[in-house]
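2 protein chains.
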Amino acid sequence: MKKNVLIIGAGGVAQVVAHKCAQNNDLLGDIHIASRTVSKCDAIIASVHEKSAMKVDGVLQGHALDALDVDATSALIRDTGSQIVINVGSPFVNMSVLDACIATGAAYIDTAIHEEPGKICETPPWYGNYEWKKREICAEKGITAILGAGFDPGVVNAYARYAIDTFMDTVTAIDIVDINAGSHGKYFATNFDPEINFREFTGTVYSWQSGAWQENEMFEVGHDWDLPVVGTQRAYLSGHDEVHSLSANYPDADVRFWMGFGAHYINVFTVLKNLGLLSEQPVTTAEGLEVVPLKVVKACLPDPASLAPNYTGKTCIGDFVKGIKNGQPVEVFVYNVADHAEAYAEVGSQGISYTAGVPPVAAALLVADGTWDANAMKNMEELPPAPFLTQLDRLGLPTRVKDENGDRPWNA
Amino acid sequence: MKKNVLIIGAGGVAQVVAHKCAQNNDLLGDIHIASRTVSKCDAIIASVHEKSAMKVDGVLQGHALDALDVDATSALIRDTGSQIVINVGSPFVNMSVLDACIATGAAYIDTAIHEEPGKICETPPWYGNYEWKKREICAEKGITAILGAGFDPGVVNAYARYAIDTFMDTVTAIDIVDINAGSHGKYFATNFDPEINFREFTGTVYSWQSGAWQENEMFEVGHDWDLPVVGTQRAYLSGHDEVHSLSANYPDADVRFWMGFGAHYINVFTVLKNLGLLSEQPVTTAEGLEVVPLKVVKACLPDPASLAPNYTGKTCIGDFVKGIKNGQPVEVFVYNVADHAEAYAEVGSQGISYTAGVPPVAAALLVADGTWDANAMKNMEELPPAPFLTQLDRLGLPTRVKDENGDRPWNA
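Line by line, the protein sequences are chains A and B.
If you use UniProt numbering, the first sequence corresponds to residues 1 to 412, in order.
If you use UniProt numbering, the second sequence corresponds to residues 1 to 412, in order.
Since the hints were made in silico from the structure, they are not lab data.
Keep in mind that this is a model prediction, so the values were computed, not measured.
Be a bit skeptical, because a hint or two may be false.
No distinction is drawn between identical chains; accordingly, a pair holds when it is met within one copy or between any pair of copies.
No more than 30 angstroms apart at the CA atoms, straight line, and that leaves these computed lysine-lysine pairs for BS3-like [claimed, not checked]:
1. Lys55 to Lys2
2. Lys322 to Lys378
3. Lys322 to Lys402
4. Lys402 to Lys325
Here chain A stands alone, though its shape is the one from the complex (with noise of 0.2 angstroms):
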């Protein structure tokens, strides 16, 4: 049982998780917002204001802090009596973030895996490298640090394990399909910051294959996916965060994670990558500027958060999972459809800072209420699936299931 919440960031996905620990502050306590731009915590303070979300009378307030400062981090922790951090900010913060975690006692939630600015795609599994190194700590310390907690890596993995657990005595398979069907009317544009998402597509695409990592090139390998409301939907086996967990848990599945791209995508960011302009190594202009491509390109590119008034069109991500029941082969997808316009017109958001920025509120809730309060490190594969799916119903996000037997909600 912990309450109150220091949320780290201020961009597109942490309004999100602003707006729902608002909605649900009866549950969560004090809610604090941090980033080294005060600002940027105040619009968002604005803006659940605005919608006037917050559910009862309650603390909201904004701070500057750099989260690369454990002490800093430690210190904002214990002023705000917070005992749950939810770490929205740029994935470089993770191991300070969450040493500030491990210092103070709180319980540490985060929506994608530590990077090194210097380093992409490094050796699998990814977790090994950073926050694996510290569930002995966690578990010495009794401090829970719920890992991947967004929607892929986090929901996707809950998915997983609640279609193994429900309908199947063996998995075989888990495809992973992330969709944005979605139009934000710009010549080009990032979803979420353009540094991150660029990072994920430049370097080898591990995915796990007959019980080995297996590499491939970005793009190299494309699947049409016949998929519910977007219809078919060509993705590409890409590197992703979830897969380098649930190979561990499911080491005799095949783990891929597929993500669709149009084609226009996939020409903008070829000519980036084949210019180097997404580079995340520093160049020399002839000036003598030391300059890193990629974060020009970001500078260049437009803010995802300015994209939300005019998305529309929707999101569909789901697992399609493969295995064995009684002797037969059993194949089901379990999915959420989301829509752009439905999460602007909500917080004021698109939808997919929406779908990334509410699962960990409802990690948020169940740490809160002690149902996921594991006093241990956890990938989101490793803790009971179906209270979760309930809060992400609640809370805007249902989960539906299609399989032989039709389409229908997960708990029908």
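The hints should help you fit chain B onto chain A, whose structure is shown.
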């Protein structure tokens, strides 16, 4: 009659200029090369010696110089006894180098119009914004200043003058076509400084038609040209220096410039431009670093000089000139075809640098022997073309003429 040459700049064009000056140092005297980075001068000097290009024993020396510093440039002109300055540095330094020539009495020759870093595609005529403001003082002081003496602008201006004087009573249209049908084997590269290359194409396309400036977008107007050697090639109405002087000297003619682009170049250009990455205006990264995107793109692209060893194929650049002769319409194509590999074999540069670097040396030879020592500011079509075309024949850029009477050397 003037002698001793100071070359400003040490890029790919400067290398060609140095080689050609060295091959003619019996006529030109001492040769000096100045650049911010003196090691680039040294590399050119080494290349000249490697090819044993010096016709007679003589001075060939490099100097560190900030060519924006008029006093330093004037001092170097005086110290080296240079009476001819060939400015093939960045177009940002034109006016300061010209001022140094005015201060010292040296003849000034350049190959591209002056530009200010923060401005692109200014109000036409472009020469009116900078160079022509110095016309009066050049006349007063008897300063020879030859503007735009590369291939285009430069040779193509002389082609226009030659075609008009030789084949027609009145001119009705000058269409300059620049085709590089060569291949450098890279994913993408520009043939000269990417910053200057892209700046040409990111603003309004000005052409002179029906006695007035017409405005178009880049790649808005395309035309397939049937050309000698390189065959049919698609080129696009583009903004270019020579349109801004030819239209002043031949106001009753339409004056257009057409640059050849393949679909791949256009795609890359379009992506970069639409993302804002070709902007000459600074952006600020999330980390607070102020940087001009175009300068980062330049830092990521191949050094144009590095293309030379593997460059194959040919360029075709020339003027389709239409007019009236004895009441009948006439049309003539005056052109040159150059070969990338031959250029590399001779001077260690690719064909684009070769075609840009040979003509200012031809102009310098005509200043040296007095033929073009005009004691005034001149655009190229304002000087007698025949001695210049004769020098170009001798220096490796032969001129040909194609019309209803066949395809032949200009002086056949």
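Consistency of the hints with the structure:
1. Lys55 to Lys2: within (18 angstroms within a copy, 87 angstroms between copies)
2. Lys322 to Lys378: Answer is within; shortest intra-copy Cα gap is 24 angstroms, inter-copy 79 angstroms.
3. Lys322 to Lys402: Only inside one copy: Lys322 and Lys402 sit 12 angstroms apart there, 71 angstroms across copies, limit 30 angstroms.
4. Lys402 to Lys325: So Lys402 and Lys325 pass the 30 angstroms test inside one copy only (16 angstroms; across, 81 angstroms).
Hint violations for this structure: none, all hints satisfied.
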